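Listed in order, the protein sequences are those of chains A and B.
Going by the working numbering, the first residue of the first sequence is number 4, and it counts up by one from there.
Going by the working numbering, the first residue of the second sequence is number 4, and it counts up by one from there.
Keep in mind that the hints are not guaranteed to be accurate.
You can't tell identical chains apart in this list, so a pair holds if it fits in one copy or across any two.
Stated by the list, open to error - Below, computed lysine-lysine pairings styled on DSS-like, alpha-carbon distance capped at 25 Å:
| no. | residue 1 | residue 2 |
| --- | --- | --- |
| 1 | Lys78 | Lys59 |
| 2 | Lys141 | Lys219 |
| 3 | Lys116 | Lys25 |
| 4 | Lys231 | Lys247 |
| 5 | Lys231 | Lys153 |
| 6 | Lys203 | Lys46 |
The hints are simulated quantities; they were obtained by calculation from the structure and are not laboratory data.
None of these values were measured; they are calculated from a predicted model.
Single-letter residue listing:
There are 2 protein chains.
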Amino acid sequence: MISVVILGAGNVATHLYKALSKTQETEVKQWYNRSIDAINSFKNEVYITDDLSQLKQADIYILAVSDDAVKPLTKQLPFENRLVVHTSGSVNIHDMDKKNHRGVFYPLQSFSKSATLNFTDVPICIEAIRSEDYHLLKKMAIAIGSPTKKVNSEQRKVLHLAAVFVNNFTNQLYRVAHEITESEGAEFDLLKPLILETAKKVQKLSPYVAQTGPAKRNDKKTLNKHAKLLTNKHHKDIYDLLTKSIQHTHGRKKL
Amino acid sequence: MISVVILGAGNVATHLYKALSKTQETEVKQWYNRSIDAINSFKNEVYITDDLSQLKQADIYILAVSDDAVKPLTKQLPFENRLVVHTSGSVNIHDMDKKNHRGVFYPLQSFSKSATLNFTDVPICIEAIRSEDYHLLKKMAIAIGSPTKKVNSEQRKVLHLAAVFVNNFTNQLYRVAHEITESEGAEFDLLKPLILETAKKVQKLSPYVAQTGPAKRNDKKTLNKHAKLLTNKHHKDIYDLLTKSIQHTHGRKKL
């Protein structure tokens, strides 16, 4: 049984709490947050505290706090030589105070407050200074059903950046499509199956192989038709840049 | 029983042939293509021809051909007063020769040669000059299990443009993420569950509500970290433009 203390009360902390308290292989011994109010509703199922000096002994301390809070929080911990991990995509493992054994447990997924999340869909990027810690963290990930991958701080930074492209930027393209359709009285909803199919396609094919459309074909007639339809300059900028990008990737044009 | 003749041999034609020949409510009476070779492998299951003068009588003629071929093909048809539809997102219904009754049967989805496609995931945008034709086309769509929507030529053009954003451009963002990760020895595969989750999220939430990340939060520290990581100028241009776009949408910045 792996004993865990969770620090923080955001989406990642809450989803980890729920997953870790469900399995037989892990036990959440305590939940800490700076402000007790955020976790008060869990007080009947787990020890809660807002006092760092009251932290219980555990195998792993998970700091699921904002990027900026990681470093100062590791300094404030009133113990040494225990395993302390953070869950951030962009904080270097060496930014943590070295009085404790350090590790990273970065779930590469988008966490919403409400949606229930299946950790089988959440790859965990694991990093640790000591190999025994790496194996313990891997065991914890497997206990909640997650696939795992050994990822160093440099690779993790790059994954975090790439995640912005496939998540935030992709979502913004959906938003632009929403603006374009609604402005002409067409229904955004009609695009939803295509959105899903596009994401499914690259589960098996590389994005290079999966590409289609007028930019790739260099179909100037359609590109011109679209240019005329785009009345919003900002939408047109995005159209032009991504068309150029596709043509570059597929050997149609130099940048 | 609705009788159909299919003209063309691309992905849309082939998928429609398979779907229409499977249901009880529709019958593919004949399959035409300019070059017989492309459909020769189907000759034991359906009448095939490369001769327009040999076209059989049917309730609906589906022109699943390239955009440029639609207009000339409608002119070449050796009959009148029958229902002729095209399947293109961007060809106006009035571009078709008016000697026949005209309609549009536009499947809003990405068609690959290999992948089997379930038409329940393919919304059909229907347009027709005559209301009885509209109802017949709707009946045909329902027969293959598709949701349908009445969409006029202007709305269809806009949907076709929006589809480029959610399909081709989104796929290009996946490609950029692939380039970013692989260049640093990180695994693109780790992003696949996030790609799927991002697409699933907007099936229920609007893209506006679904947005998260450093651009929306105006988290300058992370934005700066990413700027430093982006060594490829072209990737940086996309990062900057889409960050600006998100900040504009969420009231952080004027364009």
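Consistency of the hints with the structure:
1. Lys78 / Lys59: within (17 Å within a copy, 82 Å between copies)
2. Lys141 / Lys219: For Lys141 and Lys219, the Cα distance exceeds 25 Å both inside one copy (42 Å) and across copies (32 Å).
3. Lys116 / Lys25: For Lys116 and Lys25, the Cα distance is within 25 Å only inside one copy (18 Å; across copies 44 Å).
4. Lys231 / Lys247: Both: 17 Å inside a chain and 23 Å across chains, each within 25 Å.
5. Lys231 / Lys153: between (48 Å within a copy, 24 Å between copies)
6. Lys203 / Lys46: Answer is neither; intra-copy 41 Å and inter-copy 33 Å both fail.
This entry does not satisfy hints 2, 6, going by the numbered hints stated previously.
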